[in-house]
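Protein chains in written order, with my numbering: chain A, 1286 to 1527; chain B, -19 to 46.
Just so you know, the hints here were simulated from the structure itself, not pulled from any lab data.
Idealized CB from N, CA, C, for every residue including glycine.
There could be a bad hint or two in this list.
Claimed, not checked - Dumping the calculated BS3-like pairs for lysine-lysine here, alpha-carbon to alpha-carbon at most 27 Å:
hint, chain 1, residue 1, chain 2, residue 2
1, A, LYS1471, B, LYS14
2, A, LYS1471, B, LYS(-15)
3, B, LYS(-15), B, LYS3
Said to hold, decoys possible - Partial chain A-side listing against chain B, Cβ under 8 Å, derived:
hint, residue
4, ARG1292
5, ASP1300
6, GLY1306
7, ARG1314
8, TYR1342
9, PRO1369
10, TYR1441
11, ARG1444
12, LEU1448
13, GLN1451
14, ILE1469
15, LEU1470
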Amino acid sequence: MKRIFGRTKSLRPLDTHYCSGCGHGVVHRLLAEAIDELNIRGITIGVTPVGCAVVAYDYWDFDCVESAHGRGLAVATAIKRLQPEKVVFTYQGDGDLAAIGTAETIHAANRGENLTVVFINNAVYGMTGGQMAPTTLIGQKSATSPLGRNEKTEGYPLRISELLAQLQGVYSVERTAVDSVYGILKTKNAIKTAFQNQMENKGFSLVEVLSACPTYWDMSAFESLDWIKNKMSKVFPLGRIK
Amino acid sequence: MAYIKLDQEKCKGCMLCIEVCPKGQLKPGVALNKKGINPVMFLAQDCSGCTFCAIICPDTAIEVYK
Ligand SMILES: Cc1ncc(C[n+]2csc(CCOP(=O)(O)OP(=O)(O)O)c2C)c(N)n1
Ligand code: SF4
Ligand code: SF4
Chain A
1286 MKRIFGRTKS
1296 LRPLDTHYCS
1306 GCGHGVVHRL
1316 LAEAIDELNI
1326 RGITIGVTPV
1336 GCAVVAYDYW
1346 DFDCVESAHG
1356 RGLAVATAIK
1366 RLQPEKVVFT
1376 YQGDGDLAAI
1386 GTAETIHAAN
1396 RGENLTVVFI
1406 NNAVYGMTGG
1416 QMAPTTLIGQ
1426 KSATSPLGRN
1436 EKTEGYPLRI
1446 SELLAQLQGV
1456 YSVERTAVDS
1466 VYGILKTKNA
1476 IKTAFQNQME
1486 NKGFSLVEVL
1496 SACPTYWDMS
1506 AFESLDWIKN
1516 KMSKVFPLGR
1526 IK
Chain B
-19 MAYIKLDQEK
-9 CKGCMLCIEV
1 CPKGQLKPGV
11 ALNKKGINPV
21 MFLAQDCSGC
31 TFCAIICPDT
41 AIEVYK
């Protein structure tokens, strides 16, 4: 009997601090698998965020640099420009990429930096206690929208991927969801393609992943996946945006 | 028959693997692990080695052999 599924080299054999059913663990594994399948572990540099994934560098067995909240793409720009032979990616939440880091994100994209971005959209600020994020859905309850997000006072869920796709400097943008076996496999392919784009010098490639936060959605793991399918992906449609 | 190895200490009891197994080979366990969680049990009766459980697991607690 052969082992046909197991941990790859880039994923250290550690327990993570993530909540039960959290999507971060799945995407960490997919990144590790993509990197090992492309055989780029030795030349990859990850830029980790502030957010629940703040210690992602502990879980991956390749080089990483931690960035200040939202500044991932500014840090990644410097690394890639100094070491263009390296494969550089950022891993960022919606609070990180689409709230505090909006300026860094938009300008790196507009400059067409040859980088790979893995953007985890879980519709809340997980690390700080489930506050409203730019991506929180209308009506969704959070610590700072206890009656549900109201578009009249809090605005609309920010489709930042669609916004970035408008920029001339951006090469590719795709949205996937880790809400099923199929969705997970699609997400891995999208991440792999985004790395390949960088290796072929095609430019800025972003993958947005709709990812469960059962804790602050106040749902079971299974209900969370259902919510992604039935609610979240209606507001954030899946597929290739650019 | 194919089989899985489920790391009882890594499992966080999210039960997603139970939901996706087409053969009903997984069910909630009875003994608590060190996290204080009931890890999932593998019945080992009719596993096809489809890897669905391992793909869905957020904690990479499952290895599949075929
Ligand atoms: C400069 C700065 N401002 C605010 C914070 C507090 N803070 C830490 S994590 C976070 C939000 C993280 O949310 P998100 O990026 O969506 O990631 P998640 O935790 O949901 O994965 C905030 C506001 C900080 N650490 N640094
Ligand atoms: S708070 Fe949410 S995003 Fe953070 S680890 Fe828990 S489930 Fe994951
Ligand atoms: S999917 Fe993984 S963590 Fe969740 S119950 Fe199954 S083995 Fe445990």
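So which hints don't hold here, by number, going up? 1, 8, 9, 10, 11, 12 and 13
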